[in-house]
Amino acid sequence: MKKVGIVVLSLFSLTTALAEDVNEIMDAASAGMVTISNVAGTVEVRGWSRNQVEVTGELGSKVEELIFERDGDEILIKVKVPRHNKGGISSDLQVNVPAASTLQVNVVSADIDVSDVMGEQSLESVSGDIETAVHGADIEVGSVSGDIEVQGDKKATRSRMTTVSGHIEIDSLSGEVGAESVSGDVSVVNGSFRRSALETVNGDIVFHAGLQDDGRLDIETINGTVDVKFDGDVSARFDIETFNGSIRNCFGPESVKTSQYAPGRELKFTEGDGSGRVTINTLNGSLQLCK
Amino acid sequence: MQAVLPSSTGVIDGGVVALAADTTFDELRWVRRAQQADSSAFEKLYRANVDRVYGLCLRMTGNRSEAEDCTQDAFIQAWNSLDKFRGDSAFGTWMHRVAVNVVLGRMRKSRREQDRIRAVSEVAPVRQTIADDGELRDLEGAINELPSGARHVFVLHAVYGYSHGETGDMLGIAEGTSKAQLNRARRLLKQQLEAEEK
Amino acid sequence: MNGKDDRKFDDDLLERAAKLAAPVAPERDLWPGIEQAITVPRKPRRSAWNGAWAQAAAVILLVGGSSGLTYLTMSGARNAVVPTAAEAPVLVFEQASANFGSQYTLGPDFQDARSDLVEKFEQRIENLSPEARVEVLANIETIRKAIDDINRALSREPDNVLLQELLINTYRDELSMMIEVDGITGAAMRRGDI
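Residue numbers (our numbering), protein chains in the order written: chain A, 473 to 763; chain B, 252 to 449; chain C, 33 to 226.
Keep in mind that the hints were calculated from the coordinates and are not lab data.
The beta carbon of each residue, even a glycine, is placed where N, CA and C say it ideally should be.
Please note that a few of the clues may not be correct.
Cross-link-like lysine-lysine pairs, in silico, DSS-like; alpha carbons within 30 Å at most [said to hold, decoys possible]: (1) A:627 with A:701; (2) A:626 with A:763; (3) A:729 with A:740; (4) B:441 with B:430; (5) B:441 with C:40; (6) A:627 with A:763; (7) A:701 with A:763; (8) A:550 with C:152; (9) C:36 with C:51; (10) A:740 with A:763; (11) A:534 with A:550; (12) C:36 with B:430; (13) A:729 with C:177; (14) A:534 with A:552; (15) A:740 with B:441; (16) A:740 with A:701; (17) A:626 with A:701; (18) A:763 with A:729; (19) C:36 with B:441; (20) A:552 with C:152; (21) A:701 with A:729; (22) C:51 with B:430; (23) B:430 with C:40; (24) C:177 with C:152; (25) B:335 with B:295; (26) C:51 with B:441; (27) C:51 with C:40; (28) C:51 with B:295.
Computed spacing ranges between beta-carbons, pair by pair [unchecked claim]: (29) C:154 with B:284: 40 to 46 Å; (30) C:154 with B:348: 47 to 53 Å; (31) B:430 with A:662: 53 to 59 Å; (32) B:287 with A:543: 45 to 51 Å; (33) B:355 with C:173: 39 to 45 Å; (34) C:151 with A:724: 49 to 55 Å; (35) A:543 with B:299: 45 to 51 Å; (36) C:154 with A:587: 34 to 40 Å.
Sequences are here, hints too, so could you generate the full structure?
This is how it looks when you write it as structure tokens:
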């Protein structure tokens, strides 16, 4: 592929201990892909109306180079650090991208903050926190221990958030959402869903949002608590089971023991015309269901 | 639906077997290939039979979502026991038997019985109907409300036309029990349908 | 209610009932779920570890989705072609023999794939910072303890469907977690940043 426009900043910083300022700009496709890679520090991305990508900020004193290159409709921004990290690599990047861009950001411990990007997003960190806003495009966000916060505008999208221990907070998303964590909490508020699958091992799960007719809500946790409260009417078959936990149901029907001789409670009932489906399974967690 | 006198013959596993009149040669070919783990041949069998299987599952369970699960499980089970299909009945008929087994198995497994649900919720659960015709929809709804034993017998005997002997065989009950369940179904349906007319 | 009315009702009933025998098409195509259950899952190839969605595809191939979510493909550099998540899990549980109690074991395909992953995973996390590695190991412990808790309950109630489902899903969580961490860490390593 023909490379168009390469800007490489090399920093010879073996003797100096100063961070370097960055201020570069490049023409870009209006709806191309932008990939940003950093190790530590911060990455802030803003969508704007220009068909250009601009990078400003400060690079750590030990950073080897900032790669900023374009290949067709793809742009790569990458902070290169020495193989054996001895500190001084923390870099803060502010990146403006064409609003319709598809965005990929990979970091280790840097925090990620994205806004006004209309295209699809894929954001990953090991321990950095991730905050983004979604505008009708699909997104996937993953972290090991960073917290994830996603703000939607109620337009339907498909989104998936995964952490090992980070907490996941989702506000005003719609459409399909999957959120999983081992020990982080998962919270989905506002918005209304056609499909929602929330799963943790130990984390607590909160769903305070709407379920569309024919929608599906699947919640599973081993030890976490579950708090479900529907916005508006819900029309669904409910199938709820817990092994050791308690069930509190505002909809009326009481749970029954699944067996005379063993722990375990289940609650199956239908609300409205039963077109949707709500499934909740827990081992030990207590469960609350309200409208 | 007994196997009719063969009007065509075919070969399965090297032997010559009499085919039921409504098994096509295509179906036989697909079965043979599927028996050798050819999943695209099995897909053809699926496409040709899914509506019949789903229809039966829907009538037996009264519930779209369970009918979907039942249909999938039935085909998966069919794949796993395809070597048992000898071609002496139509593949579709054999799938019916597999599907009935799945429905019964799932019921045992999930412990969900009509009567238990009635005890838990004050309002009877809403089952799903799909018929366009108002009268048929009434009947559909009424069938869905039957207790499971009566419903299964009614669906197999009255809807699908299996004899009491065949029905008993598929459900694992005596022929006499099948007749008794049918009477019960008729009585309950009559009550339900006449009550609705008022 | 005289006999003639009854017979007429019966005839009507049978006539109507027979109409319900017509085949009905399901609302969605059920074949993908069936196909997935009948085709033997492949072990994920080592080269396929790029992108969270390719990882999700590997998890799906091994264990099947449980909620019918449709995964997305992203335009651009990621070339992961992701199948629709199917409802039916690929795992088949076999009850261990009575001598060992009612502990559930996983099918051999799954066990192989899991040991592959665990090995790779243990190498991979060496490359994480000490804090991150400790965090990850603590969470693996959390999952394994949950598996133990569930198995203990299952040994008293081997037929409990809820427990069986929770067990399968927790094994799947362990797998997903290893794949996810592997992916995130791997991407960092390929960048030469760690």
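Tested hints:
1. A:627 with A:701: Roughly 21 Å between the alpha carbons, so the hint for residue 627 of chain A and residue 701 of chain A holds.
2. A:626 with A:763: Satisfied, since the Cα-Cα distance of roughly 20 Å is no more than 30 Å.
3. A:729 with A:740: 12 Å, holds
4. B:441 with B:430: Answer holds: residue 441 of chain B to residue 430 of chain B is near 16 Å, not above 30 Å.
5. B:441 with C:40: 12 Å, holds
6. A:627 with A:763: Status holds; Cα separation ~23 Å.
7. A:701 with A:763: The hint holds at about 5 Å.
8. A:550 with C:152: 26 Å, holds
9. C:36 with C:51: 23 Å, holds
10. A:740 with A:763: 16 Å, holds
11. A:534 with A:550: Between residue 534 of chain A and residue 550 of chain A the Cα gap is close to 14 Å, so the pair holds against 30 Å.
12. C:36 with B:430: Holds, because 21 Å separates the two Cα atoms, which is no more than 30 Å.
13. A:729 with C:177: Cα-Cα ~26 Å, so holds.
14. A:534 with A:552: 9 Å, holds
15. A:740 with B:441: Holds. Residue 740 of chain A to residue 441 of chain B sits at ~28 Å (cutoff 30 Å).
16. A:740 with A:701: Between residue 740 of chain A and residue 701 of chain A the Cα gap is close to 17 Å, so the pair holds against 30 Å.
17. A:626 with A:701: It holds: about 18 Å lies between the C-alpha atoms, which stays within 30 Å.
18. A:763 with A:729: 23 Å, holds
19. C:36 with B:441: 14 Å, holds
20. A:552 with C:152: Between residue 552 of chain A and residue 152 of chain C the Cα gap is close to 25 Å, so the pair holds against 30 Å.
21. A:701 with A:729: With Cα atoms ~23 Å apart, residue 701 of chain A and residue 729 of chain A stay inside 30 Å; holds.
22. C:51 with B:430: Satisfied, since the Cα-Cα distance of roughly 21 Å is no more than 30 Å.
23. B:430 with C:40: 19 Å, holds
24. C:177 with C:152: 21 Å, holds
25. B:335 with B:295: 19 Å, holds
26. C:51 with B:441: At roughly 18 Å apart (the allowed maximum being 30 Å), residue 441 of chain B and residue 51 of chain C satisfy the hint.
27. C:51 with C:40: Given that 30 Å is the threshold and the Cα spacing comes to 17 Å, the pair holds.
28. C:51 with B:295: 26 Å, holds
29. C:154 with B:284: 40 to 46 Å: 44 Å, holds
30. C:154 with B:348: 47 to 53 Å: 49 Å, holds
31. B:430 with A:662: 53 to 59 Å: 57 Å, holds
32. B:287 with A:543: 45 to 51 Å: Between residue 287 of chain B and residue 543 of chain A, where Cβ atoms are some 48 Å apart, the hint holds.
33. B:355 with C:173: 39 to 45 Å: 42 Å, holds
34. C:151 with A:724: 49 to 55 Å: 51 Å, holds
35. A:543 with B:299: 45 to 51 Å: Holds, at about 50 Å.
36. C:154 with A:587: 34 to 40 Å: 38 Å, holds
Checked against the numbered hints above, the structure violates none of them.
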